[in-house]
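Chemist: First to last, the sequence lines map onto chains A and B.
Numbering-wise, numbering that gives the first Met the number 0 puts 140 at position 141 of the first sequence, and it's gapless, one number per residue.
Numbering-wise, numbering that gives the first Met the number 0 puts 30 at position 31 of the second sequence, and it's gapless, one number per residue.
Each hint should be verified, as a subset may be incorrect.
In silico DSBU-like links for lysine-lysine, alpha-carbon gap of 30 Å or less [stated by the list, open to error]:
1) Lys-124(A) <-> Lys-294(B)
2) Lys-139(B) <-> Lys-98(A)
3) Lys-325(B) <-> Lys-13(A)
4) Lys-325(B) <-> Lys-42(A)
5) Lys-321(A) <-> Lys-31(B)
6) Lys-18(A) <-> Lys-31(B)
7) Lys-31(B) <-> Lys-1(A)
8) Lys-42(A) <-> Lys-31(B)
9) Lys-1(A) <-> Lys-68(B)
10) Lys-139(B) <-> Lys-327(A)
11) Lys-9(B) <-> Lys-31(B)
12) Lys-133(B) <-> Lys-104(A)
13) Lys-283(B) <-> Lys-42(A)
14) Lys-322(A) <-> Lys-325(B)
15) Lys-1(A) <-> Lys-133(B)
16) Lys-250(B) <-> Lys-104(A)
17) Lys-42(A) <-> Lys-165(B)
18) Lys-294(B) <-> Lys-97(A)
19) Lys-31(B) <-> Lys-20(A)
20) Lys-250(B) <-> Lys-20(A)
21) Lys-133(B) <-> Lys-124(A)
22) Lys-18(A) <-> Lys-68(B)
23) Lys-325(B) <-> Lys-331(A)
24) Lys-232(A) <-> Lys-9(B)
25) Lys-104(A) <-> Lys-139(B)
26) Lys-240(A) <-> Lys-13(A)
27) Lys-124(A) <-> Lys-31(B)
28) Lys-20(A) <-> Lys-237(A)
29) Lys-258(A) <-> Lys-237(A)
If you want a taste of the chain B side facing chain A, the calculated C-beta under 10 Å gives, among others [as the list claims (entries may be wrong)]:
30) Leu-25
31) Glu-262
32) Gly-323
33) Val-328
Just so you know, these hints were derived from the structure itself, not from any lab.
We put the CB at the ideal spot given by N, CA and C, even for glycine.
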Amino acid sequence: MKYLNEYRNLEATKRFLGKIKESVTQPWNIMEICGGQTHSLVKNGILDLLPENVRMIHGPGCPVCVTPLNLIDKAIELLENDVIVCSFGDMVRVPGSKKSLLEAKADGGDLRILYSPIEAVNVAKNNPNREVVFFAVGFETTAPANALSVLHAQKLGLKNYSILVSHVLVPPAMEAILDDKFCNVNAFLAAGHVCTIMGYEEYHNLAEKYKIPIVVTGFEPVDLVEGIYMAIKQLENKTYKVENQYSRAVKEEGNMAAKAVINQIFEIGNREWRGIGEIPNSGYVMTKSFKDFDAEHKFGIQNIKVVENSDCIASDILKGIKKPNQCKQFGKACNPSNPLGAPMVSSEGACAAYYHFSNHLIK
Amino acid sequence: MDKKQYKFDKINLGHGSGGIMTRELLDGIIFKTFDNPYLNQKHDGSIVKIKGEVAISTDSFVVSPIFFKGGNIGELAVNGTVNDVAMCGAIPKYLSLAFIVEEGLGANEFIEIVETIKVTSDKCGVKIITGDTKVVERGKGDKIFINTTGFGEVHPKAEISSDRIKEGDKIIVSGYIAQHGMAIMSQREGLEFESTIESDTTNLNFIIESLLNNFGNKIKLLRDPTRGGLASTLSEIATDTNNGILIHENKIPLERQVAAACEILGLDPLYVANEGVFVAIIDKDVETEVIDLMKKDSKGLNAICIGQITNDHRGKVVMQSGIGGKRIVTPLIGEHLPRIC
Numbered sequence: 000m001k002y003l004n005e006y007r008n009l010e011a012t013k014r015f016l017g018k019i020k021e022s023v024t025q026p027w028n029i030m031e032i033c034g035g036q037t038h039s040l041v042k043n044g045i046l047d048l049l050p051e052n053v054r055m056i057h058g059p060g061c062p063v064c065v066t067p068l069n070l071i072d073k074a075i076e077l078l079e080n081d082v083i084v085c086s087f088g089d090m091v092r093v094p095g096s097k098k099s100l101l102e103a104k105a106d107g108g109d110l111r112i113l114y115s116p117i118e119a120v121n122v123a124k125n126n127p128n129r130e131v132v133f134f135a136v137g138f139e140t141t142a143p144a145n146a147l148s149v150l151h152a153q154k155l156g157l158k159n160y161s162i163l164v165s166h167v168l169v170p171p172a173m174e175a176i177l178d179d180k181f182c183n184v185n186a187f188l189a190a191g192h193v194c195t196i197m198g199y200e201e202y203h204n205l206a207e208k209y210k211i212p213i214v215v216t217g218f219e220p221v222d223l224v225e226g227i228y229m230a231i232k233q234l235e236n237k238t239y240k241v242e243n244q245y246s247r248a249v250k251e252e253g254n255m256a257a258k259a260v261i262n263q264i265f266e267i268g269n270r271e272w273r274g275i276g277e278i279p280n281s282g283y284v285m286t287k288s289f290k291d292f293d294a295e296h297k298f299g300i301q302n303i304k305v306v307e308n309s310d311c312i313a314s315d316i317l318k319g320i321k322k323p324n325q326c327k328q329f330g331k332a333c334n335p336s337n338p339l340g341a342p343m344v345s346s347e348g349a350c351a352a353y354y355h356f357s358n359h360l361i362k
Numbered sequence: 000m001d002k003k004q005y006k007f008d009k010i011n012l013g014h015g016s017g018g019i020m021t022r023e024l025l026d027g028i029i030f031k032t033f034d035n036p037y038l039n040q041k042h043d044g045s046i047v048k049i050k051g052e053v054a055i056s057t058d059s060f061v062v063s064p065i066f067f068k069g070g071n072i073g074e075l076a077v078n079g080t081v082n083d084v085a086m087c088g089a090i091p092k093y094l095s096l097a098f099i100v101e102e103g104l105g106a107n108e109f110i111e112i113v114e115t116i117k118v119t120s121d122k123c124g125v126k127i128i129t130g131d132t133k134v135v136e137r138g139k140g141d142k143i144f145i146n147t148t149g150f151g152e153v154h155p156k157a158e159i160s161s162d163r164i165k166e167g168d169k170i171i172v173s174g175y176i177a178q179h180g181m182a183i184m185s186q187r188e189g190l191e192f193e194s195t196i197e198s199d200t201t202n203l204n205f206i207i208e209s210l211l212n213n214f215g216n217k218i219k220l221l222r223d224p225t226r227g228g229l230a231s232t233l234s235e236i237a238t239d240t241n242n243g244i245l246i247h248e249n250k251i252p253l254e255r256q257v258a259a260a261c262e263i264l265g266l267d268p269l270y271v272a273n274e275g276v277f278v279a280i281i282d283k284d285v286e287t288e289v290i291d292l293m294k295k296d297s298k299g300l301n302a303i304c305i306g307q308i309t310n311d312h313r314g315k316v317v318m319q320s321g322i323g324g325k326r327i328v329t330p331l332i333g334e335h336l337p338r339i340c
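Here chain A stands alone, though its shape is the one from the complex (with noise of 0.2 Å):
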């Protein structure tokens, strides 16, 4: 716990929010790109202590709430035939265009929630008769495990594992909001846990292309009030460079044996990003050689075509366009027990963050 309490520290935080009030003189708006900053930032009421004129955004950077509808619906197709779904606990309870994974396993689907995916290659390991496929969900942060699952299965010689992949990347989600004409973000807070898997030598070309500052920052009130510092000194300094505030667990070229596991089993493909449609190599696909331990490919799920529910404005929320309680639906015929899309069922989703913790909501 030392190193988070160090990171929770009051006066640390004080220290950082007097120097972001000290040198800012005009507004600007900072995008978060993780999920587990925006939860922070809500969470331990850092919106509401920054200055007026730092105004933060929030980014896609929330795995379940970018997974596209129709993945969720293949992941639910399988369970309906009788093969065992295993998944991270927090993508279970968002809604597929018909029902979501937690509702399908109350219709008799064997749905496990891990912490693991190898985990998920003992469940294949203790069950040989049956299938199993884990829905291989997230950013870069967890593909290495994911990938690792699928050399542990081929290893043990196992033929009923395969994972569902619907991984993406960062830096193309960043390029994708900044080619976008309503752009308003001046600066980046990057994700840190992404970084220390990969690292931050690919987001040079990007500060220099859009003249745009990015500080690789943590997740702890300090992490983040010293990120936003550091932003805003940088676009105060008119200077648009990389800098790494998480210094303590990011390096540079991030983990090369982690880089190595995903290089191995995935390469570089187009993606579907929910709320914001396909964005060109934005993802990871499995490469050939291990086509037998990818679901889609094993199972030969047709590409369901589905539609949102058109009065969900995901798409501009998580390109930061629009704040969540700028939705007219936010907190009445959305909320977290009834979420129209899926930034309200993630605790990461930008909406839930807003309905579970945001001051404006203290009357």
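With the hints as your guide, set chain B onto chain A.
Modeler: Only chain B this time, still in chain A's reference frame:
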């Protein structure tokens, strides 16, 4: 009890048939263990004496795994209902006890649970006065489910009512939160992790009785934040009474190991279940005395005031965060699910 004297290793459907095998189970295990005049009548029910107003509470216990660090389902089934009766401002006296057993449960496991119920009910000073045992086919249950209903005499000085809460009242928590939920979580299939976290399951009836003896109607509301955790209990109080509740994050009693386990698993301790903790809303005049008294009891060693009732933000719980921000604390929605990363 000598477990070898039983002719069977496992509970089967016959033990719930109502015939000879049921009788063997009852005589050999249940009646023998509890051995009290109420059950010994072997009647369809029991006739008991009770003074004045009666508090009644019922609860079903379905925990998995049934044996966990710090206790088992039997201990929970007694403490859980005893505590619910105590939270009504009553002195628990009697318990009913109903089992739904899945066929195949080991006789040894069943005996261990029954014996735990005996020891725990003795500790609480309550008698098991009636009961039932049903056996369901394999796959139709999860080893064993237990229902208990508790009956208690309302304490003569008690005036427990949410209507009496007003601005300024203090919110006291009796001890470390989230212990039970994390102990269970650490042993769940697929989530096992090394820890020495033990369930906090315990009976709270005597500490409550002593609070009522000493402070009477200054104790306004008592709740035990079991499922849904402290956050859900406080949210319910705020919503039901239309009062505001302000709590302070750095006052919440949280043991280091539990805090670390919650961090690793991505869970918020405010939503994790407790089985040996209560929340008391009390008149502000007796805050110090109440805490002093609680700290003298082994069940209240870590008692602390975490906040107060306020006229602001009515119907909502607001928490002052450790770094000076504020946030709403909402009730738990659905199952408490771990986050991806």
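Chemist: Give a verdict on every hint.
Modeler: How the hints compare with the structure:
no.	hint	in the structure
1	Lys-124(A) <-> Lys-294(B)	violated (51 Å)
2	Lys-139(B) <-> Lys-98(A)	holds (25 Å)
3	Lys-325(B) <-> Lys-13(A)	holds (14 Å)
4	Lys-325(B) <-> Lys-42(A)	holds (8 Å)
5	Lys-321(A) <-> Lys-31(B)	violated (68 Å)
6	Lys-18(A) <-> Lys-31(B)	violated (73 Å)
7	Lys-31(B) <-> Lys-1(A)	violated (53 Å)
8	Lys-42(A) <-> Lys-31(B)	violated (54 Å)
9	Lys-1(A) <-> Lys-68(B)	holds (26 Å)
10	Lys-139(B) <-> Lys-327(A)	violated (45 Å)
11	Lys-9(B) <-> Lys-31(B)	holds (19 Å)
12	Lys-133(B) <-> Lys-104(A)	holds (27 Å)
13	Lys-283(B) <-> Lys-42(A)	holds (29 Å)
14	Lys-322(A) <-> Lys-325(B)	holds (19 Å)
15	Lys-1(A) <-> Lys-133(B)	violated (51 Å)
16	Lys-250(B) <-> Lys-104(A)	violated (39 Å)
17	Lys-42(A) <-> Lys-165(B)	holds (27 Å)
18	Lys-294(B) <-> Lys-97(A)	violated (53 Å)
19	Lys-31(B) <-> Lys-20(A)	violated (74 Å)
20	Lys-250(B) <-> Lys-20(A)	holds (29 Å)
21	Lys-133(B) <-> Lys-124(A)	violated (35 Å)
22	Lys-18(A) <-> Lys-68(B)	violated (48 Å)
23	Lys-325(B) <-> Lys-331(A)	holds (23 Å)
24	Lys-232(A) <-> Lys-9(B)	violated (71 Å)
25	Lys-104(A) <-> Lys-139(B)	holds (16 Å)
26	Lys-240(A) <-> Lys-13(A)	holds (26 Å)
27	Lys-124(A) <-> Lys-31(B)	violated (45 Å)
28	Lys-20(A) <-> Lys-237(A)	holds (17 Å)
29	Lys-258(A) <-> Lys-237(A)	violated (33 Å)
30	Leu-25	violated (36 Å)
31	Glu-262	holds (6 Å)
32	Gly-323	holds (6 Å)
33	Val-328	holds (8 Å)
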